[in-house]
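Construct the entire structure; sequences and hints are all you get.
Protein chains in written order, with this note's numbering: chain A, 1 to 209; chain B, 1001 to 1125.
If you're looking for bench data, these hints aren't it; they were derived computationally from the structure. Hints may contain errors.
A short list of chain B residues far from chain A (calculated; beta carbon distances all over 10 Å) [what the hints assert, rightly or not]:
(1) Glu1035
(2) Pro1047
(3) Asp1049
(4) Pro1080
(5) Arg1109
(6) Arg1123
Pairwise CB distance ranges (calculated) [stated by the list, open to error]:
(7) Pro161(A) / Gly1044(B): 52 to 58 Å
(8) Gly1111(B) / Asp160(A): 19 to 25 Å
(9) Arg1030(B) / Phe142(A): 46 to 52 Å
(10) Leu1125(B) / Arg149(A): 27 to 33 Å
With a straight-line cut-off of 20 Å between C-alpha atoms, the simulated EDC-like cross-links for lysine to aspartate or glutamate are [claimed, not checked]:
(11) Lys1041(B) / Asp80(A)
(12) Lys1041(B) / Asp1076(B)
(13) Lys177(A) / Asp114(A)
(14) Lys1041(B) / Glu1056(B)
(15) Lys177(A) / Glu1117(B)
(16) Lys1041(B) / Glu1104(B)
Small disclaimer: the values here were computed from a predicted structure and weren't measured. All C-beta atoms, glycine included, are put in the ideal place defined by N, C-alpha and C.
Okay, here's what each chain looks like letter by letter:
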Amino acid sequence: MAFAPSDPAAAPALVTTKILIAGGFGVGKTTMVGSVSEIRPLHTEEPLTDRGVHVDDTSGVQAKTTTTVAMDFGRITLSDHLLLYLFGTPGQDRFWFMWDELAAGAIGAVVLADTRRLTGSFPAIDYFERRGLPFVVAVNCFDGADRHRPEDIAIALDLDPGVPVLLCDVRRRESSKEVLVALIEHVLSWTDPAAQPAAPAGGGAVPTG
Amino acid sequence: MSPSPERWLDRDAGPVVRPYAMTRGRTRPRGAGFELIAVVKATGEQPGDRLRYSPEHLRILRGCERPVPVVDLVADVALPLGVVRVLLGDLRDEGLITVLPAAEPAGDRPGPGVLREVLSGLRAL
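Structure follows, in structure tokens:
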């Protein structure tokens, strides 16, 4: 079939949005992307510096200067013209440059936290605060981990007042969905104070401050 | 995910041709970059002298017959993101593909209308 020339006045046929899923190593980013979205392979070629987790076997390849990195990437089809993409942020320090591209135009971010290793969440929180990207903190409740009150976690993470902290189990689709819903409610109230919900957002969300 | 018919070794064997070779050494497309969630589409123009295009160019062009976000295209054609971007740039230079206008200027957060639509879509999942 022939395609009509694109008409700037016409509504875009496809609206695409994205949310970042960040957090320390092993905190459940991949699990969350997989539980709530259709996971898809995405490979990206990056400069090869020191040893990395996903470095290919370089034997027999001289002067190899790049490596292929697999990123967590999932798609949620919300309607025939609205797509939501979830991007797991790459964990290693040498991929910080990817974060800028991932963050540009994003709705916001979910910072997954594990109460046994809270420090793993600090780099992501610092990054989103500095960049002014709205985020929620979702505490992934692993089996055997002590349950802490969201208020205490907010203090331990030194969060700005108003950053929602939720308890979740990212293995459960419903729980992951609630985290995303809480993020979008937070972004809406952040950008449009008139739309602020009267009750705390989403299941288990507790506004701090 | 069914493997691409062009692939003659399985994924575990690693790429046969280094991505660098597919782009003839280029790491960035000419002109504006391609946002991860930008939507691209073939214009319907036919590639003239097919010898000028690599099999990867044609694979990408086929992948854009319908409007497709860049990230999905990357997953569909099973090539690294950087390679797809460079080759998309070549196709754009030849007028074979175009980036469709987005609801927001590139890099801007979606407006409240889109956010509410995402919210109700998520709740309905």
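Hints and how they fare:
| no. | hint | verdict |
| --- | --- | --- |
| 1 | Glu1035 | 7 Å, violated |
| 2 | Pro1047 | 15 Å, holds |
| 3 | Asp1049 | 21 Å, holds |
| 4 | Pro1080 | 4 Å, violated |
| 5 | Arg1109 | 6 Å, violated |
| 6 | Arg1123 | 6 Å, violated |
| 7 | Pro161(A) / Gly1044(B): 52 to 58 Å | 53 Å, holds |
| 8 | Gly1111(B) / Asp160(A): 19 to 25 Å | 24 Å, holds |
| 9 | Arg1030(B) / Phe142(A): 46 to 52 Å | 48 Å, holds |
| 10 | Leu1125(B) / Arg149(A): 27 to 33 Å | 29 Å, holds |
| 11 | Lys1041(B) / Asp80(A) | 17 Å, holds |
| 12 | Lys1041(B) / Asp1076(B) | 14 Å, holds |
| 13 | Lys177(A) / Asp114(A) | 18 Å, holds |
| 14 | Lys1041(B) / Glu1056(B) | 16 Å, holds |
| 15 | Lys177(A) / Glu1117(B) | 15 Å, holds |
| 16 | Lys1041(B) / Glu1104(B) | 18 Å, holds |
In summary, the numbered hints that this structure violates are 1, 4, 5, 6.
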